[in-house]
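So the protein lines, in turn, are chains A and B. Here full-length UniProt numbering is used: the first residue of the first sequence is 1, the next is one more, and so on. Here full-length UniProt numbering is used: the first residue of the second sequence is 1, the next is one more, and so on.
Calculated directly from the structure, the hints in this document are not laboratory data. Backbone N, C-alpha and C define an ideal beta-carbon position, used for all residues, glycine too. Among these hints, one or two may not hold up.
[To be verified] Lysine-lysine pairs mimicking PhoX-like chemistry, simulated, CA-CA at most 25 Å apart:
1) A:Lys82 <-> B:Lys376
2) A:Lys123 <-> B:Lys40
3) B:Lys351 <-> A:Lys123
[To be verified] Output of the computed footprint for chain B on chain A, the stretches with three or more beta carbons under 8 Å from beta carbons of chain B:
4) 68-75
5) 90-100
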Amino acid sequence: MQSIVRQMSRYGPSALRVPKHTNLIARPLARTLVTKRYTVEHESVSFDDATGLGVITITDHAQEALGDVVFVELPTIGTEVKQGEQIGAVESVKAASDIYAPVSGTIEEINETLSSEPGLLNKSPEDKGWLCKIKLSDPSEVEKLLDADAYRASYEN
Amino acid sequence: MNAVSRVSRLSRSLARSFATQAEQLRQTPLHDFHVQNAAKMVPFAGWSMPLSYGDVGQVASHNHTRTAASLFDVSHMLQSHFRGPGATAFLEKLTPSCLSSLKPYTSTLSVLLNEDGGIIDDMIITKHAEDAYYVVTNAGRRDRDMAWFTERLKDEEIAGKVDWEVLDGWGLLALQGPQAASFLQSLTSFDLRQLTFGKTAYIPIEGFNLHVARGGYTGEDGFEISIPHNQTLAFTELVYKNPPVQLCGLGARDSLRIEAGMCLYGHDIDETTSVAEAGLSWVIGKSRKENINCIGAHRILKDIKNGPPRRRVGMIVEGAPAREGAKIFTPESNDQLGVVTSGIPSPTLGKNVAMGYVRNGSHKKGTELEVDIRGKRRKAVVTGMPFVESRYFRG
Numbered sequence: 001m002q003s004i005v006r007q008m009s010r011y012g013p014s015a016l017r018v019p020k021h022t023n024l025i026a027r028p029l030a031r032t033l034v035t036k037r038y039t040v041e042h043e044s045v046s047f048d049d050a051t052g053l054g055v056i057t058i059t060d061h062a063q064e065a066l067g068d069v070v071f072v073e074l075p076t077i078g079t080e081v082k083q084g085e086q087i088g089a090v091e092s093v094k095a096a097s098d099i100y101a102p103v104s105g106t107i108e109e110i111n112e113t114l115s116s117e118p119g120l121l122n123k124s125p126e127d128k129g130w131l132c133k134i135k136l137s138d139p140s141e142v143e144k145l146l147d148a149d150a151y152r153a154s155y156e157n
Numbered sequence: 001m002n003a004v005s006r007v008s009r010l011s012r013s014l015a016r017s018f019a020t021q022a023e024q025l026r027q028t029p030l031h032d033f034h035v036q037n038a039a040k041m042v043p044f045a046g047w048s049m050p051l052s053y054g055d056v057g058q059v060a061s062h063n064h065t066r067t068a069a070s071l072f073d074v075s076h077m078l079q080s081h082f083r084g085p086g087a088t089a090f091l092e093k094l095t096p097s098c099l100s101s102l103k104p105y106t107s108t109l110s111v112l113l114n115e116d117g118g119i120i121d122d123m124i125i126t127k128h129a130e131d132a133y134y135v136v137t138n139a140g141r142r143d144r145d146m147a148w149f150t151e152r153l154k155d156e157e158i159a160g161k162v163d164w165e166v167l168d169g170w171g172l173l174a175l176q177g178p179q180a181a182s183f184l185q186s187l188t189s190f191d192l193r194q195l196t197f198g199k200t201a202y203i204p205i206e207g208f209n210l211h212v213a214r215g216g217y218t219g220e221d222g223f224e225i226s227i228p229h230n231q232t233l234a235f236t237e238l239v240y241k242n243p244p245v246q247l248c249g250l251g252a253r254d255s256l257r258i259e260a261g262m263c264l265y266g267h268d269i270d271e272t273t274s275v276a277e278a279g280l281s282w283v284i285g286k287s288r289k290e291n292i293n294c295i296g297a298h299r300i301l302k303d304i305k306n307g308p309p310r311r312r313v314g315m316i317v318e319g320a321p322a323r324e325g326a327k328i329f330t331p332e333s334n335d336q337l338g339v340v341t342s343g344i345p346s347p348t349l350g351k352n353v354a355m356g357y358v359r360n361g362s363h364k365k366g367t368e369l370e371v372d373i374r375g376k377r378r379k380a381v382v383t384g385m386p387f388v389e390s391r392y393f394r395g
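Chain B extracted, bound-state conformation (with noise of 0.2 Å):
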């Protein structure tokens, strides 16, 4: 049995999801809050996360996310300010985005860059003002990005320029779903009709004064809810017990954001990964396209002369779910194209959904591939993704 598989024993996936937390795991302001509420805390990225919540199964919440409203704890994100003269010189010297022409008070998704092009980790930038920034980054990556944040800021062009707060001990919600604006509306004077996808808004929800985006990692319109940490509990205990309103864990949150085609940082990108590879060009600032000049600069010029030489691609897979390791080939040939990174049998659609990558060439819509599963060929097809439509509010 291939080890990195994610294919296992019946006892070890079992034993991973009755894992109950470890000793020196972080704790969300939340962990007792999921305690009461019957979680399945399980051991994710350094933190004791809700994995699903008493017998509400994973489709059960998976379903519930895509008719109605579900509430993530999502706080082992990591929320950090970059504010002073010198926050838009550093991100943009740290990423490929054009933050100079970003608007207030909206966000874009981006990429941290090593030297090589690689990518350090996925983000949500939300620029308040040309000398201020809110950034969202990946639990599992905390350890490395502080360190880059860290070294980055010495540099002589930065160094005493900005002035980085890491809002640790913080919580962050996300609120997601159909129905989750009209819920959310119902809690406060704020016209979020206002709010489309992609801004953001200090807005008064019965008497807290929250830092809320709207997006998500489900492909739903959504929200997610900066709080402090002395308010998060409050504020959670007034949002979770109302219709429509189901705590939803890190499994349903897995098969949401793999439907809506989106990466899962160390699984669908890593630090071998550029820009182009990951299918994530929009990433970059239109108007810093010709001369671009972010750390790993020279990968993404690299990339737009000659084109990446493998891309992230969706799939259809026929009769069983490629998983994680699957190994794909051009059909009927021993001739391999790249690996899945990612795969599930959609709750959604009723069919199995993969990403992965393929050589460039073979990365077209409709191009028909084979999927190595349990030493049987499965035919697979390249799909596009989203491979749930999104349904996000752009007013």
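Just chain A, same shape as in the assembly (with noise of 0.2 Å):
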């Protein structure tokens, strides 16, 4: 695994000139980062480098457009899932929406409290309402997926 750390420690202080919005949170004694990315299906995954750990949510601006999600369905800890593939569904009154892993990995975790309050992804949904942990097996897929701005751009045009 290629810390992004260490590449920073590597080129000096140079490499914290990261480009803008990319959401990296520092913690200097543990010395590892958050990288939060986001997909065009509108997935994010906050990577953190020291644990190997994405946790896995439906954006802000997805749900503000769903309307008030009634049930989550959630994938089985344990399964091995690839970028791209079904690993849950998001219903509101409106609509089914399918949810597909942003990157590979072993799902780890997966948050029971959706289950009863379903309202959580309304509220909170990049925060408390987070879906799912996936084990990265390839966290090289963190770094393809959309920045912040890149995000934002692709619905807004």
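Now that you have both chains on their own, put them together as the hints suggest.
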């Protein structure tokens, strides 16, 4: 696994000139950072390179468009998924939408709260309403996803 | 992923909700009014129509209609007059309804049937007189219906005896909800208590004289108001800003009509569906049942004799909502009984409601079924419709 932090230290201070809005959260003591990326399918992944885990959510834009979410279907823990594979679904009165894995890996954890409280997806889509955590099998997939600006541009155009 | 299913990628669901009107879509007289009121305009049946307004979500609009009053632009629907000495005979040939016994200024739900007894369209027929009818048909069936009317008006026994006028460009507004009547009453001297469910009258409203039918597509008390093109905007502006009236789009209209157990043409009924299969046998005129002679009558008689092979039923589904295209099975078996045609998580009931077709025999209330949703079997129970009790004003 190629750590972004290690890359940065190798290149010194200049490496801190990261692209705008990439949502890098540096935690100096643990020497890790979390990279958040998006898909055109309106999913997000926040990848923590210390744990190798990616937290999967739908985006705030998606929840706003879907309206009141009434049911969330989540994958089974232990399932191996490939990037682009269906891992669940979100139902609102308006529509049913499949959720696709933004990255490949193994489902490590699911947000059990969503089965009793699907409305969390509307209240806190990219935080408390997270869907599942995936142990990434190929972290380089994260870099190829959209950053926040590119994601915004993908639906504004 | 099933291509015919309404289940779709998030991006597709969103694209659908955010679609803006393309070129060549028809516009109702209220198109600019909708845009000025922050409507999300979407293509529907060849028309640019409001899905929702501003920040008001589908569930909020839905609940407002059930508790207060909502105004819907349904001007995309085709309004027609059929007049002349052959009008009753013409419509009794095209539909199984008994129109000769219908009282003047009353309406009935009816169906246009093809030669095989399949439903070309569902429609509301209002009788003004023995030789004058007002008919509302679906926007999505405009071309098919118009071609059918044109063809059948040439039939020998009808030709020259019926004059057909399409009210193109006219407005049609639906005012729906438990507070609709008290609000409309504040605008007219006409005593609306006389206008019970299914009745129609020309009513003076603040200087307009409008065709008002009591009924609608939500299960609530309400009115459908037909308005000449050049008065539609003025009338709407008079109505919409007054509490308790809120503008309501197609999104809530769909969830309201499903709760009311009503069919959406092209989803719950189509040209392969017979009247009995659709659960619409009640539209067949009682006096006509024995010797019915409308187009497609042989199918009606066959269904009366043998029972229809499949029937439209309501279902309550556990767990996930069942949507159009979901397969229905006998529990714990691969015996497919039919398919879901409409379904939503019901905002009013907090349960997943659906309608669909099952094999005759599995249609009785309380029958346990299973529905396949994304590869998982979910329990379902046949339930009577409407799911939400209708609240029509019957006097």
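> Any hints this thing doesn't respect? Which numbers, in order?
Replying inline: none
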